[in-house]
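Asks: One letter stands for each residue in the lines below.
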Amino acid sequence: AQSVTQLGSHVSVSEGALVLLRCNYSSSVPPYLFWYVQYPNQGLQLLLKYTSAATLVKGINGFEAEFKKSETSFHLTKPSAHMSDAAEYFCAVSDDTGTASKLTFGTGTRLQVTL
Amino acid sequence: NAGVTQTPKFQVLKTGQSMTLQCAQDMNHNSMYWYRQDPGMGLRLIYYSASEGTTDKGEVPNGYNVSRLNKREFSLRLESAAPSQTSVYFCASRRQGQPQHFGDGTRLSIL
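These protein sequence lines map, in sequence, to chains A and B. Residue numbers for the first sequence follow our numbering, beginning at 1 and rising by one. Residue numbers for the second sequence follow our numbering, beginning at 1 and rising by one.
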C-alpha cells in the first residue's frame, strides 16, 4: 500500500520569500511522485512529476522538487513566492504507470502569500 | 481544447434523490477516474476505469455506481443521495505512462 503525508495544512509566506511545502511518501515499490496545484473553484493542474529519471525535477511556474529516497521525501520549493502562487497544493504517489495506475493523494497544503 | 468536461458544475439534491454526474474527455485517453474532495481529506478515489469496458472500485465506492459508456465518457451515479455525499467530485483521465488530467469539478450539496 502507498501513502502520502503532507506536513502542514496551511503555510504562510511573504511575497519574495522561499516556499517550502513538505511531502513524505510510503511505497513498497519505486514510486512515481507528483505535485498538483488547485486554484479556487478549479480542478487540479500538474506542477511536476518524478518518474525515476533525474532526482531534481523542475516544473511550471518556477517550482521544483527533489526526490530523496533515503528520506522518502519529495518536497516542493520555489525560491521567491508570488501572490499568484496562493493556492492549495497536493502531493500524490503512484506505484506504476500502467493503465490501471491509481494515485494516492495527500491531504493538501494551502499556501498563503502575504505582502 | 476542452480536455476533461464535467457536467453539471453545481447541483443541490434532497436526501434520497438520484443523480448522474457526467464526465467526457476528448484526449483519446484510455483510463478515467472519479474522485471526491472533502476538506482536510485530499482527493479520494471512488471508482476508476482502466480501459473501455472495465470498471473497478477505489477507496470509497459505497453509495456510488459508474458506467464507462464509451472511450470518451465515464459517468458517476448516486442512486439514493445522502448528506454524507455532499462533496466536490472530480473526474480525471490519462494516457498510459502519463499523469492524470482533471476536470473542473462538480459541487454537489445534499440536503
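It is possible that part of the hints are untrue.
What the hints assert, rightly or not - Here are some chain A residues the structure puts well away from chain B; computed CB gaps all over 12 Å:
| id | residue |
| --- | --- |
| 1 | 4 |
| 2 | 11 |
| 3 | 14 |
| 4 | 20 |
| 5 | 64 |
| 6 | 102 |
| 7 | 103 |
| 8 | 108 |
Unchecked claim - No more than 20 Å apart at the CA atoms, straight line, and that leaves these computed lysine-lysine pairs for PhoX-like:
| id | chain 1 | residue 1 | chain 2 | residue 2 |
| --- | --- | --- | --- | --- |
| 9 | A | 69 | A | 58 |
| 10 | B | 71 | B | 57 |
| 11 | A | 68 | A | 49 |
| 12 | A | 102 | B | 9 |
| 13 | A | 69 | A | 49 |
| 14 | B | 71 | A | 102 |
Rather than coming from a laboratory, the hints here were simulated on the basis of the structure. Quick reminder that beta carbons are idealized off the backbone N, C-alpha and C, glycines included.
Asks: Given the hint that residue 102(A) pairs with residue 9(B), does the C-alpha gap stay at or below 20 Å?
Replies: Violated, at roughly 24 Å.
Asks: A cut-off of 12 Å on Cβ-Cβ distance, and residue 108(A) was said to be off the interface with chain B. Does that hold?
Replies: Not fine: 5 Å to the nearest Cβ puts residue 108(A) too close to chain B.
Asks: Confirm or reject: residue 4(A) is not an interface residue toward chain B, with every Cβ-Cβ distance exceeding 12 Å.
Replies: The claim breaks: residue 4(A) does not keep its Cβ more than 12 Å from every Cβ of chain B (closest is about 8 Å).
Asks: If you draw a straight line from the CA of residue 71(B) to the CA of residue 102(A), is it 20 Å or shorter?
Replies: holds (18 Å)
Asks: Beyond 12 Å from every Cβ of chain B: is that where the Cβ of residue 14(A) lies?
Replies: holds (25 Å)
Asks: Hinted pair, alpha-carbon criterion (20 Å max): residue 68(A), residue 49(A). Please report holds or violated.
Replies: Holds, because 14 Å separates the two Cα atoms, which is no more than 20 Å.
Asks: Report holds if the minimum CB distance from residue 102(A) to chain B is greater than 12 Å, and violated otherwise.
Replies: Violated, because the least Cβ-Cβ distance between residue 102(A) and chain B comes to about 6 Å, which does not exceed 12 Å.
Asks: Would the non-interface assignment of residue 103(A) survive a Cβ cutoff of 12 Å against chain B?
Replies: violated (6 Å)
Asks: Check whether the Cα positions of residue 69(A) and residue 49(A) lie no farther apart than 20 Å.
Replies: It holds: about 15 Å lies between the C-alpha atoms, which stays within 20 Å.
Asks: If we take the beta carbon of residue 20(A), is the closest beta carbon in chain B still more than 12 Å away?
Replies: Fine: 19 Å to the nearest Cβ keeps residue 20(A) off the interface.
Asks: Would the hint linking residue 71(B) and residue 57(B) be met if the CA-CA limit is 20 Å?
Replies: holds (18 Å)
Asks: Would the hint linking residue 69(A) and residue 58(A) be met if the CA-CA limit is 20 Å?
Replies: holds (17 Å)
Violated hints for the displayed structure, listed by number in ascending order: 1, 6, 7, 8 and 12.
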